Amino acid sequence: MANTITSRQMAFTLFLTLTSITVVTIPGVMAETAGVGSWMPLLAMSVVFGVLAAVVASLQRAFPGMALYDYSRELVGKAGCFLIAVFYVVYFLTVDTYLCNAMAGMLQANFLFKTPYWAFLAAGLPVFGYLAYHGPVTVARIFELYGMVFLIALLLVHANMLIQGDLENILPLIVPSEVGRSFGAAGKTIIAFLGIEVLTVMPFPKKSKKAPRVAFITLLLVGIVYVLVVESSIMMVGLHEITFYEYPLLTAIRQVQLENIEFLRRVDMLYLTVGLMGIFAGMSVVYLAIVEYSGRLLPRVPRGGIVIGAGVVIFLLSLVGFGIQDFRDIIIEYITYGGLIAAGLIPVGLWIVAKVRKRV
Amino acid sequence: MCRKSIKLIAVLTLISLSASGCWDASPIEKNDITTTVLVDTAPGGYAFYTEIASLTGGGGGDEGGGSAPKSRVIYGEGPSFVDAREALERKSDKPVYLAGVQCVIFTERMAYSGIDEYMKRFRQNPRYRKTAMVAVTGEKPDDLFTAASDNNTLVGLVVNDTLESLVDLGQLYHMTMGDVLEIIACPCKGYLIPRIGLTEREHDIEVNGFCVMDGGICQGVIPMEEAEFIVYIRGNIPPFRYTMPYDKSSHTVELRLKRNPLKVDYADGQIKFDLSFACKADLLYMEDHPTISDDIMEDVEKRLGQRLEEEFSKVIRMSQEVYRLDYLKFHEAFRIRYPDEFEQMDWKEEYPNAQIKVDVEVNLTGSNIDYEPES
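Top line first, the protein sequences correspond to chains Y and D. With my numbering, the residue at position 343 of the first sequence is 343, and numbering never jumps. With my numbering, the residue at position 153 of the second sequence is 513, and numbering never jumps.
Since the hints were made in silico from the structure, they are not lab data. Source: prediction; values computed, not measured. Cβ coordinates follow ideal geometry from the N, Cα and C atoms, glycine included. Check each hint, because a few of them may be wrong.
[Unchecked claim] In the DSSO-like style, the derived pairs of lysine-lysine whose C-alpha atoms are separated by at most 27 Å in a straight line are:
no., chain 1, residue 1, chain 2, residue 2
1, D, 454, Y, 114
2, Y, 114, D, 480
3, D, 549, D, 390
4, D, 717, Y, 114
5, D, 708, D, 549
6, Y, 114, D, 390
[What the hints assert, rightly or not] Counterexamples of contact, computed for chain D against chain Y with all Cβ distances above 10 Å:
no., residue
7, 474
8, 487
9, 624
10, 714
11, 718
12, 723
Could you build the full structure based on these sequences and the hints that come with them?
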């Protein structure tokens, strides 16, 4: 059995990781900040992050079978490598805490009103931990299968939203006087494209020449998926109305009626099953990243111990988060800045060093 | 072996937790399944009427085997919506389950006093379906529910089915609570809510007009007889039949109206719309049997075109002159064509002065009558 991931597995890992929780919240954020021109910053940022994803893939390809921690030792020395690993552990812990908090908050606000927050975590974290325990290749294989199901469900739901929604809500596509405002909202889209940094724990095979190109194209497609999600949600709910909802995608999906397909009449239930798996996938891969980096930092601790330890820390941090007012708003800011370092600064810096040393 | 057992127990625990809905598991018979919520004003506050569907009833009353009635109505009132809801909960023996609500009905006095606050309340409640239909009634709530009970039906289902069937027939367009929320969040807040009532003879529920709404406030009522072309003006409707007076008799035609893209112009502060329709008309039958010739067909075609233009113009005039409110959605076309100008202007002020030209191009055929064009 190969211990590296294929380009297709990489593409679906990126797709599921990037679209996890953000896809539920982004329509409202974009409608409020960018108006009818939401598609412009989304596509622009997909190009920017596409380049960054290609850089990460290029690095991983240059050091086949290795994670960033392994080859950064060669590039920046032991101390630099240690600092990078500590940074990634803290960063991924923050991201997973946010994801757990957002997932539990969304489930409680929309579906399971009486279930306490800790119960969602207690039920979810063992599953994510179980996946993380089995390592990046197993996770990537599962994502390849599940990504296809998620993509089909997503396209089915949003194609129906495009048909049933009101086209006038998203027109005109360009308001010349508002182009500046639309691109000004680019900062709000950064969080939607963070997740490419999980590639740093994925071992690439020796001959994966097309990996950077696939990573770039995947990010462009993710950008298009975001545009599809945002525009179809606005078509269903309305540009002004959608800004009132914390989880606008769910509000939009609940207004879709597939009258002719009996078993799909409750589209929100389809999303609850298939769509939520996307969120769980995102959480699993971040959990995996924590385990991978922690494992490198603590080589003597057995992997099972690290998995359980990481789960306990995430559980406790998430519980603390529930007690803090506006926790998600605060943490998103930290994640945005941290993400730019994790997905941009560190990989680009390492790529330059590797280039100088003629390793890429 | 031990590790496998632990895994198995963990998986089974997780599955059973998920399958049971965790803390939210609740048997259906332990909930009051609500099919309609009727919102009314009460002295010094508001009142809620909720129609609870019986899970065991549904028979034909005493004579039909002694089964229980299909529904019961719970009433609650209070100085605020919160108090009214609490009063309702106190009278309800089980938790009120709102995801089954088919229709939200406002009384006319509630619509005149304002539904804004209730709509905000509705928006914040994820337990409601935003796709629930909305209607206004001029009837007393008790009369409405009593009539439904006498007929052993559920108001929520009857209203929902009546509205849906009229939408299918092209005599109404969809108006859900989600649609109302969407409109009142916009800068242009004109829209129409179907008005329901009871028929005089059988006390059945019927749609008898539209309430003209400006945001949350009702501005007046348009009876169904005058409202027909309000629905047709939107275009994309199934073929419908129309009886046109012709000299001393009348001709009945089947019309297939297709609305052409609305032309918008804005110059020197004057807003102009060019509303045009392509209309395929089929002469079905006549009150008497005049001799039909090419000339008569041409004349009918011309007069039909004029008549339809007149009908559309009447509907538009009513919105511009009587209500001075754009509930016909002209603002959307203007906003798309002139977004910056739209942003600067007060549409409510500008709309009554807009010039709206109507043009209907009729192509008349007579497939079902004894008519052969001269070769």
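Tested hints:
1. 454(D) <-> 114(Y): 16 Å, holds
2. 114(Y) <-> 480(D): It holds: about 23 Å lies between the C-alpha atoms, which stays within 27 Å.
3. 549(D) <-> 390(D): 40 Å, violated
4. 717(D) <-> 114(Y): Violated, because 57 Å separates the two Cα atoms, which is more than 27 Å.
5. 708(D) <-> 549(D): 9 Å, holds
6. 114(Y) <-> 390(D): Roughly 16 Å between the alpha carbons, so the hint for residue 114(Y) and residue 390(D) holds.
7. 474: Holds: least Cβ distance 19 Å, greater than 10 Å.
8. 487: Its Cβ does come within 10 Å of chain Y, the nearest being 8 Å, so this is violated.
9. 624: It holds; residue 624(D) is separated from chain Y by about 12 Å at its closest Cβ, greater than 10 Å.
10. 714: 18 Å, holds
11. 718: 21 Å, holds
12. 723: 28 Å, holds
Of the numbered hints listed earlier, those contradicted by the structure are 3, 4 and 8.
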